[in-house]
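Starting from the known structure of chain A, arrange chain B with the ligand on it as the hints suggest.
Now for the letters of each chain:
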Amino acid sequence: MNWTNFPFFAATAALLWILGMILLNFPGKRKAFEIAGNVLIAAGLAVLVCFLTLLWINLDRPPLRTLGETRLWYAVFLPLVGIITFLRWGYKWFVTYALLLAILFLSINYLHPETYEKTLMPALQSVWFVPHVIVYIFSYALLAASSLVAVKGLYELYFKELDVNTLHLADNLVYIGFSFLTLGLLFGALWAKEAWGHYWTWDPKETWAFLTWLAYLIYMHFRTFQPKRTKAPLWTLSLAFVVLLICWFGINYLPSAQNSVHVYAQ
Amino acid sequence: MKEKDNHAATDQTGRKLFQGPWSYLESFVIAGVLILLGFVAELISRDQPVSLPRFPVNLVILCTGITLMVLLHILYGKTTLIKWFSSVPCAISAIVSFAVLVLLLGFIRQEGDARSPWLHQLGLTHMKNSWPFLLVEVYLFVSLGMVILRRSFPFTRKNLGFLLNHFGLWLTLAAAALGSGDMQRLRINVFEKGDFLDKGISQEHEIYNLPFSLKLLDFKMETYNPRIMLSDTLGSLPVTRKGEALPVIEKGSEYKLNHYSIKILEILPSAVRTGGGYLPSDDPLAATAALVHVKNLVSGDSVTNWLCSGGMMMLREYILLDKNLGLWLLSPEPRKYESKIVFRTNPGNIDTVIIEVNRPYKTRGWSLYQFGYDEQMGPASQLSIIEAVYDPWLPVVYAGIVLMIAGACYLFWLGNSARSKA
Ligand code: HEM
Numbered sequence: 001m002n003w004t005n006f007p008f009f010a011a012t013a014a015l016l017w018i019l020g021m022i023l024l025n026f027p028g029k030r031k032a033f034e035i036a037g038n039v040l041i042a043a044g045l046a047v048l049v050c051f052l053t054l055l056w057i058n059l060d061r062p063p064l065r066t067l068g069e070t071r072l073w074y075a076v077f078l079p080l081v082g083i084i085t086f087l088r089w090g091y092k093w094f095v096t097y098a099l100l101l102a103i104l105f106l107s108i109n110y111l112h113p114e115t116y117e118k119t120l121m122p123a124l125q126s127v128w129f130v131p132h133v134i135v136y137i138f139s140y141a142l143l144a145a146s147s148l149v150a151v152k153g154l155y156e157l158y159f160k161e162l163d164v165n166t167l168h169l170a171d172n173l174v175y176i177g178f179s180f181l182t183l184g185l186l187f188g189a190l191w192a193k194e195a196w197g198h199y200w201t202w203d204p205k206e207t208w209a210f211l212t213w214l215a216y217l218i219y220m221h222f223r224t225f226q227p228k229r230t231k232a233p234l235w236t237l238s239l240a241f242v243v244l245l246i247c248w249f250g251i252n253y254l255p256s257a258q259n260s261v262h263v264y265a266q
Numbered sequence: 001m002k003e004k005d006n007h008a009a010t011d012q013t014g015r016k017l018f019q020g021p022w023s024y025l026e027s028f029v030i031a032g033v034l035i036l037l038g039f040v041a042e043l044i045s046r047d048q049p050v051s052l053p054r055f056p057v058n059l060v061i062l063c064t065g066i067t068l069m070v071l072l073h074i075l076y077g078k079t080t081l082i083k084w085f086s087s088v089p090c091a092i093s094a095i096v097s098f099a100v101l102v103l104l105l106g107f108i109r110q111e112g113d114a115r116s117p118w119l120h121q122l123g124l125t126h127m128k129n130s131w132p133f134l135l136v137e138v139y140l141f142v143s144l145g146m147v148i149l150r151r152s153f154p155f156t157r158k159n160l161g162f163l164l165n166h167f168g169l170w171l172t173l174a175a176a177a178l179g180s181g182d183m184q185r186l187r188i189n190v191f192e193k194g195d196f197l198d199k200g201i202s203q204e205h206e207i208y209n210l211p212f213s214l215k216l217l218d219f220k221m222e223t224y225n226p227r228i229m230l231s232d233t234l235g236s237l238p239v240t241r242k243g244e245a246l247p248v249i250e251k252g253s254e255y256k257l258n259h260y261s262i263k264i265l266e267i268l269p270s271a272v273r274t275g276g277g278y279l280p281s282d283d284p285l286a287a288t289a290a291l292v293h294v295k296n297l298v299s300g301d302s303v304t305n306w307l308c309s310g311g312m313m314m315l316r317e318y319i320l321l322d323k324n325l326g327l328w329l330l331s332p333e334p335r336k337y338e339s340k341i342v343f344r345t346n347p348g349n350i351d352t353v354i355i356e357v358n359r360p361y362k363t364r365g366w367s368l369y370q371f372g373y374d375e376q377m378g379p380a381s382q383l384s385i386i387e388a389v390y391d392p393w394l395p396v397v398y399a400g401i402v403l404m405i406a407g408a409c410y411l412f413w414l415g416n417s418a419r420s421k422a
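Chain order of the listed sequences is A and B.
Sequential numbering from 1 applies to the first sequence in the numbering used here.
Sequential numbering from 1 applies to the second sequence in the numbering used here.
If we strip away everything but chain B, and leave its shape as in the complex, we get:
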């Protein structure tokens, strides 16, 4: 980011490039070369996202990496190169390079942006699986790893905060990056009254077998009260003031929209149309209806009528207020939805569980999430989409996160008073 102007200063000593001790210039040259190499590798590999290593290869890579770093630290800890690896300039060049790639990730739409083939060829549309990203990650791991080694021996109390932060981060990043090859996220579409399913679909639309099978007993949804809005006669151009949310209605309350006052006389969350009005019903195809009294505050006219949010089998019904203006009732938004699932692991081991958003069910290394439902049907949905996630490295990631939380607390307590050596 703002490092360019440091080079001049660090090199005012008259030292030549790559003559020890290396500083910012060397660090950024090396980081730049790594990124360039990464792009070259992308061009050569032609659109093939790097496939991340799986177990046991990733574990082998991790152990080899750690062993190598420890050996380098013990045997060559005093050389220019190894000292440089654990220096702040190297760290900053690694963090800046990483930031630049993440910045690109933040600006360029990922996954197959065919409009710009060269973005694709440089791997910028599959950044997370691209060579530049991978090389910079390795660079970051090595730099961070070497400084951790240098500061860990001999261990002193003063180093505790440093180690919590740095080792925590290192562990989190290493486990997250190496573990992502082992992770599986599969969608399972289960239907009410359907049979046991034991297959899931990956994000790449491939079908995988699951080590268990499941069946949906019941999908249930609670909703909030519906909202009302003023809009054109198609219900597609809401009239709202900027930043203002459409009101969620409540029985008996009154709302002011533009120059209309709207009193809510009745709300039927589940109703069917009969003759002149609506009646409560538990028909799965019912929709939400509300009886409202609308008064035009300018002309004094008023009208009482039904609104209906509409559904699979029912028409949306609005009140025409003006030539081009209608009062509409929107479909209620979900407050809570959950699936009652029968869960079968091999021979005859059966469990009935409830899975809800934010409350996944965990078993045998798998977590099952309430992912979605048939949004057209809303509360009457017969379909529940469950996501099954397998992530064996998660405990390691969490261990790293816990260390970092401790490190953050340490940083908070001591502020930068710990930095006396400066």
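This is chain A alone, in the form it adopts within the complex:
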């Protein structure tokens, strides 16, 4: 089991998800369709989880290292976040969004196949590796979703009327996403202490992770103070996502990051 089997698994999952989406969004309120849709989405998720597990076993290391491998985790977590959000708050459009994004990640991986990459440098061989990265991925998936909600809110604000629920959904996603972001940051610090001797060295990657954290912190406090204001927090949340993207992708291109110890994936 390795990346050569990926197209098969990815196609199966995507197909199940597309069917699930159609059922879920079928006009008219039919409980049976909704349930069937959710079951299909969950089945697609199960297919991917199978692939992930088999890949992990085959690689003999957690598949959390290359960008392609992280994309795979996003493709698992996004639908998961989508289903949970749907069950909790009932937003159908959100499930659709999560699934489309997951399919996008799968397609990127299909177009940029990865070869057999089995090595894991000693610093990455730690019990912290898996929790640190998974918590981060989960948090990024939630925060990305919150920013999309913010963009939707801005659209409503400028062209329609802002629905209060839009901001509430954004808040919920940020709170949960932020708690995971905090955990990711702290696990990272604890791990760095074991691996490199210090928990915080202001390495570029750490610096940008911290900035991302601060950006969401600003949003949260802004909201507590003046819950009636809408425009500024919506913009803040959209901007916070830009910082997050820099931290995630841009870091490899920043001049100050050329000697970062945390830039692995070429």
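Where hints are given, some of them may not hold.
Said to hold, decoys possible - In the SDA-like style, the derived pairs of lysine to any residue whose C-alpha atoms are separated by at most 25 angstroms in a straight line are: (1) B:Lys128 with A:Asp203; (2) B:Lys256 with A:Phe129; (3) A:Lys231 with B:Pro21; (4) A:Lys205 with B:Leu173; (5) B:Lys215 with B:Thr345; (6) A:Lys228 with B:Pro21; (7) A:Lys205 with B:His120; (8) A:Lys228 with B:Leu17; (9) B:Lys220 with A:Phe129; (10) B:Lys251 with A:Arg61; (11) A:Lys205 with B:Asn129.
Read the hints as simulated data drawn from the structure, not as lab findings.
Just chain B with the ligand now, kept in the frame of chain A:
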């Protein structure tokens, strides 16, 4: 970041600047003044990074700071100024200022960028030890401290999540910042068959005595199998597709690179050249060799030959496939390396320990890390670089981190449903 447009709104009440209750405008003015003062101090102090306080001064500063904040809270808790310190606008101005400085830290290369003297003079190349950074940190500590005090009394269950997050953060930041003056990180270069060493070198290249001495018995490294690559005849221009990793080879497997099919017949992790081929050897100067069968899928030509990754005493050997194209074997990457160390604390107390990446050895407040080795020699390295770290404030930092972890879990469980007072 995106706070500018709030000023207008908060001041629509017609209240004048610095007439109570202070809001965003006042907060950002104060934060801005602090940063400016910091830059002025940098200009005056001429390139001298602020030296952080050491024990016991840092402890005294911490205790005085806490006492002052408690007194201010008790005596003047109702005044505009103190109420403002514990308000969200003050908090946001502190977080934003901190973020701006960290942003600069993220963009400007630290440590002696001589090309731009004014960056240097403003302290931007030693941000962590600069006055603006220090002042903003103090501002953040005071703001966070005052809100913690205001929300802690009277204590209610509803405040638990708030306190875990805020006090945890406060404790972590305070201990990390004040403790950094006491921290020591020393490198010790120990050689196999060398003697006991009791001195380490700091990052500033100063030599310090250690309260113990150590000696290297053995440095050991395990490696992964080597990778192969197609490259020019100098081995310096690898031919890869974007995003594709070079394959790590395995005996018996076949790999396709461009229009070549490569079958791995044999891998010798440690080999020496003899006559027409390579033989296994445990000579420390041996290198990795592989016997491969290469087939050109276009022309049908094929060749079987040895590749060698090369080493201290052995040449790299590649297979010429084309005028400008060779098949190369790379040096194997480390899977694991460790040092067997004899560790001596005063009179005759001797311990033999193994130090490995991610598995430091801890004793008497010091932690010893496997830091590096002689990379030219790889597995045959006789040198092991050990880093000894002393950080007496670590338990306090960890206490703060544990509180924050609890706070994050709380935030996760309750979401923002805890925010009913809004
Ligand atoms: C771990 C980081 C932090 C988290 C998770 C966090 C979270 C929160 C939350 C959820 C609230 C509103 C809920 C409540 O009042 O119980 C809040 C309020 C507040 N936070 Fe934070 N915060 C953090 C860091 C900070 C920092 C660094 C500051 C200041 C420098 C700060 C200052 C404040 C203030 C002033 C309030 C308003 C309290 C009040 O008016 O009663 N927080 N914070």
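Consistency of the hints with the structure:
1. B:Lys128 with A:Asp203: holds (12 angstroms)
2. B:Lys256 with A:Phe129: violated (32 angstroms)
3. A:Lys231 with B:Pro21: holds (23 angstroms)
4. A:Lys205 with B:Leu173: holds (19 angstroms)
5. B:Lys215 with B:Thr345: holds (12 angstroms)
6. A:Lys228 with B:Pro21: holds (19 angstroms)
7. A:Lys205 with B:His120: Answer holds: A:Lys205 to B:His120 is near 23 angstroms, not above 25 angstroms.
8. A:Lys228 with B:Leu17: holds (23 angstroms)
9. B:Lys220 with A:Phe129: Roughly 24 angstroms between the alpha carbons, so the hint for B:Lys220 and A:Phe129 holds.
10. B:Lys251 with A:Arg61: Holds: B:Lys251 and A:Arg61 sit about 20 angstroms apart, inside 25 angstroms.
11. A:Lys205 with B:Asn129: Within the cut-off at roughly 20 angstroms; holds.
Checked against the numbered hints above, the structure breaks only hint 2 and satisfies the rest.
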